[in-house]
Structure formats: C-alpha cells, structure tokens
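S.K.: Letter by letter, the chains look like this.
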Amino acid sequence: MSIWNPHFECMVKDELKQLELERLQATLNRVYRSVAFYRKLFDQVGLVPDEINSLEELARIPFTGKTTLRQSYPYEMFAVPLRDVVRLQCTSGTTGEPIVVGYTRNDLVHWTEVGARVLCAGGVTKDDVVQICFDYSLFGGGLGFHYGAELIGASVIPGSNLDPARQVVIARDYRTTTLIATPGFGLRVAAVIREKGLSPADIYLRRGLFTGEPFSEVTRKQIEDELNIKATDNYGLSEIAWPGVAAECEKKKGLHIFEDQFIPEIIDPQTEEVLPLGKKGELVLTTIAKEAFPLIRYRTGDITVLDVSPCECGRTLVRMRKVSGRTDEMVTINGVSFFPSQIGHIFSEILGVEPRSCLVIDRRGDQEIVKILVQVSEEIFFDEMKKFQNLKSRVEREIYRDLGISAEVKLVEPDSFARETEGKRVIDKRERS
Amino acid sequence: MLIIRNLRSYYGRMQALKGVSLHVEEGEIVALIGANGAGKTTLLNSIVGLVPSLTGQILFLNADITHQSPQEIIRMGVSLVPEGRQLFAPLTVMENLTLGAYQRYRREKKSKIKSDLDTILERFPILKERGSQVAGTLSGGEQQMLAVGRALMSRPKLLLLDEPSMGLAPLVAAQIFQIISELHQQGTTILLVEQNTGAAFKVSNRTYVIETGRVVLQGTPEELVHNREIKRAYLGREYKKVWE
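Chains G and C, in that order, are what the protein sequence lines are.
Each residue of the first sequence is one higher than the one before, counting from 2 in our numbering.
Each residue of the second sequence is one higher than the one before, counting from 2 in our numbering.
No false leads were slipped in.
Within a straight-line C-alpha distance of at most 20 Å, the following computed SDA-like cross-link-like pairs (lysine to any residue) qualify:
no. : chain 1 : residue 1 : chain 2 : residue 2
1   : C       : Lys19     : G       : Ser35
2   : C       : Lys232    : G       : Arg34
3   : C       : Lys19     : G       : Gly47
4   : C       : Lys19     : G       : Leu56
5   : G       : Lys18     : C       : Gln58
6   : G       : Lys387    : G       : Leu412
7   : C       : Lys19     : G       : Glu58
8   : G       : Lys14     : C       : Met2
9   : G       : Lys14     : C       : Leu62
10  : C       : Lys232    : G       : Ser35
Source of the hints: derived by calculation from the structure; they are not laboratory data.
Here chain G stands alone, though its shape is the one from the complex:
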C-alpha cells in the first residue's frame, strides 16, 4: 500500500514540529482577530496569541467544548464571512442543538486531501471501485469520503443510505472492490450476502474502511472473515473532518493522526490535565489549517492513547489507539468509574464475539443493583442451561475482578431487548442526588 502524501506523512519530526508551530501561531492570530469567542477566551485568562511560543504552551489555552459549539449556532464560531464559505455541513442534533460547520474552498481542498490519505492508507487506488454507504446529506459523512476517493481516481459509487440488500446488489453488479461503511453496516451486508447465497466469485470486495462506531478487534476479525476482505479503521469527527483526522495503515497498529493539519493532546477528562505520552485519556484536537471553522483545544470526548514510536509503514505521524470509549459514556458505580465498552471487551474475550448489551443500573436502599442485559443471537444462544450458567459465572467473575462491581448477566430475546433498552447502552435508573 502506498502513502498518499509522503511529504507530510513521512516528514522528519523536527520539520513537522516547526510546521505545526508556524501553523498554530498563524491560526491563533486569526481566531483572536476574527472569532469573538476566542478573543473573549484569551482575554479571560489574560493571554495573547503572541505568548504561545511552543507546542507545549498550547496547554495554557482553555478548552473548547461541544456545549460552546452548540451555543454558537449557527455561525458564531466562523472565522471568515459566509460568502467565503462554500460548504455547510451539520452534525446530527440527537443530543442537543446541532452544530453547523463551514468550509472555505481551501478547507475543502484540505479535507479532500486528508480523505485521500485515509483511503490510500486503507489500500485504495485508482483501480478500485469504491462504494460509499454513508448518508450524503447535510448530516452524513458520504461527501467526505466521496471527494477523497475521486481525488485518488477510483470509481466512486455514492451508495449513500440505501438498505443493505440494495447495496449488495449494487456491489455485485458494479463489481465493488472497496466498501465504506460503519462496522455494524458491514456485518449487515455480510448477512445479506449469506442469505442470498452468493458465492465469493460473485463478489469482488477486497477491502473495507469502517468508521463511525466503536470497532473492536473481535468485530474486525468477524467482518474480515464474513466478507473475505481486509478491514481498516479510521477516525474523524464532523466538527473537524469526517473522515480525515486519523487512519489505520496496513500494519493495523494504531491510527496515524495527520499532524500537519491537527495537533493532538491527551487529557484526563476529570482534572483536565495534559497527560504524558502513553497514558489513556480524552483526545483534544487543535486545527492548524482550517480557515472557516478553526477549533482550538477541542475536547472530542473520545478516549484513546498516543504512540510516537516509529511505524513500520514509514509514516512518522503519531498514532492513536482505536477509540475505546467516550467520556460521556463513563459510568460510576460504588465509586468505581468505567466505560460500558469495557464490559463489551470482557464479553468478546470470553465468548469470542461482542453481543449487543445494555447496562441497567438501579438503586435499592443504599445498594446499587447492576444488571447486564445481553441480546440473544446466533452466537449467544444456549440450549443447555448448564452451559449458559457456566459462561454467566465466568463473565460475572471477570467483571468483578476487572471492574470491581457485582453485576448480573441476563439473556433477553431480541424483541424484549429492543423494547427494554430502546437502543441505549446504559440505563441509569438511580435518582439524581
């Protein structure tokens, strides 16, 4: 697999640091001048952009959070006049007010460029037929992948949000080689291929790039086996670039962050302290090439670890581990904090697959009652009570050992599961104190 832009992706570290410093300073000068929020933020802490003389000093600037972006709806965070903005996209507003993101012509060029880097890292070349199964609307990530794929010169199919059955027909007939979707969608596509009884000869799929959802190694292996493809991960966020912040190379040992465009930091989500390299914490990103919607120290809410050791692929860019959870998913029971994804991980290890589960927390008196509802499926079905009991005990023991909480595992039929959980991963019935 080749590297789309070796000049930046394989840049010598010293040069990269100088480039980052220059771009950061220019960005700070611009936002101070053009974005009221940032001028106020700086003034509040008695700082001027001139004082940021190194990448480490970035830590002196307060964070920007999602709440701020929501409160700035629609255009308050824009750093250029609307007439310079050539694209408007929006994050879905399911958990609050939507956030409008703008792109100038240059921003689109850069977004296309990082999109191409992501696809190239996943092995896409101009000879590929790429099917993009993401929504192409205001809210979707379809366009991001689309421009990048076109830049590479692949044959691009805007599959958008057609259902899996139709996507499969298209993939079969148009000879799609590369699938771009969420991991969940990838598995649904695999299910359709199985149901239709299609043979490997009918399907030309060779690889897939999956994003938009947490994606364990167990799930990756499942996708790769069921679709007979190589699957890679990539990371982005609509407020900054989706896709385009980081991408897994063929070595599959972390996602390379495009540091010439985004400066990453890891912080402790509670204390907000910057953590040393190698520690797990919340990813904070600062855009250094964005014109219309620059963000300084934006808290992504995603938990990961950074690794600066050199990668065998040749890229010198820092790597982030697959996102292991979100800060807003963090749960505290009996004084212990953890992420529901950690429970999912335990299931994967013991069962070999990660089932759909939901954590239900309730309080009776001063006792916290924890139930883990697990949806019955092909892999999670036990005809023998004894088998189930054994596995249940094992999981409950592991959870107690790893997380320090006593939880009861319950199997639930799919219909009841959907009804009881409403698609949530955590249901916290405890009264707010």
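Given the coordinates of chain G, assemble chain C onto it according to the supplied hints.
M.R.: Okay, now just chain C, sitting in the frame of chain G:
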C-alpha cells in the same frame, strides 16, 4: 536552511515583530507578503543582523545566528538585496559589483571571484554594457539588476530580496521576476519580500502573509490565491457579521 522561531524585533520601545515563526528549505523560494508597515523589511534586516534589539531564534544551516554580526552572517552565506536598492551611487557598476565580493578577497583565489563576475555580467548584459557608468545614473530596472548582481557576488546560499519590483514599471518588474525565477531554477534558495502579491504567487513555492508583526496565514500559491484574508490583511475587515 533557515528556521525562525518566535522572532520579536524592536526599534527602541516599538515592537515591529511579535513572535514570527517561519522556515525556508533549501532550494525553495518563499515569499513574505503584507501591507506597508507589516514588518517585512524588519524581518529581513533581523535575519542579517541589522536589528540590534531582538529575541527569539534564527537558525541558518543549523547554526544559531540570532545575535551574530552582519559580517559573520554574510560570510556564512546570506546575502541581502535591500529595499530601495541602496547602491553605492557615486561608484561605477563594476565597482559596485566587485565590492559585493569584498568578504571573499582574502579567502579565495582572485580568479574564482573574477569568473563569478563574468558569469554575472553574462546574465545581465546591460551591466556589462554600462560597466563604467556611475551607478546613480542607471535606470530603475538597471539599478535593480545591479543590486541583485552585487548580492550574488558574495556567492550566497540564501538570497534575501526586499521588494525588488518597487518603483519599477510593470514590464521591468516582470523582467526582474523572470531573473528571480531563473536564479531559483538554478538552485539559489530565496526569501522574497513583496507587496506585489500576484508576482509573489507566480514565482514562489510557499508564501507567508504578515500583518502588524504577526504571521496570519501561510500556504502554497494555489491555497492563497483564492483567500480573501489577504485582501483583508491589506485593506482591513469589510464585514461586521459573518453573514454580511
């Protein structure tokens, strides 16, 4: 080749540069554009050691030249074509040129310097023609060529040019930029300060935009040519609300 970090330059109590960081790689031609008074000339003068009061870091070929003397910096391979040419007006063209190599006379063979002089005269035939003419009586374009020739006589690794097209008729300015482009193609690394953004974009690999002593934008000509921030940097903001 040239790395600048957090450069702050002062004229007495007046701060002309407020933390400028930039770099020029070997073989590149980098342009620095900005309005009058933005700090462009101060930046070039800071590099060659003509601004006594400054802080920050200037590295040339990995050596720290931040507080070095101008003589030492020229000797290391930096040469400046100053704003307004600043020729030795009462001296002849030939005298101006040979003075450009004054640092080299005790260190190198005269024959080598002579051969460089011949090369420059070949490149600028008009200077050969007017060899014994007094520099102050040359036309604007000829003076600019002489200033460039004089700077080249020191065999610079990095050539700094301060508004080479200033005060020149458009056709003559185009000629000068043609020469700059040729110099670059032949391997000279160049840092060019210009108010003429169009010309700067045509000739440079990368450009920095400076506004009141700070870098506000940088990128390749393709990236910057569409960017209205530059117009705003020169003319001021033209909107109050984003949607105006």
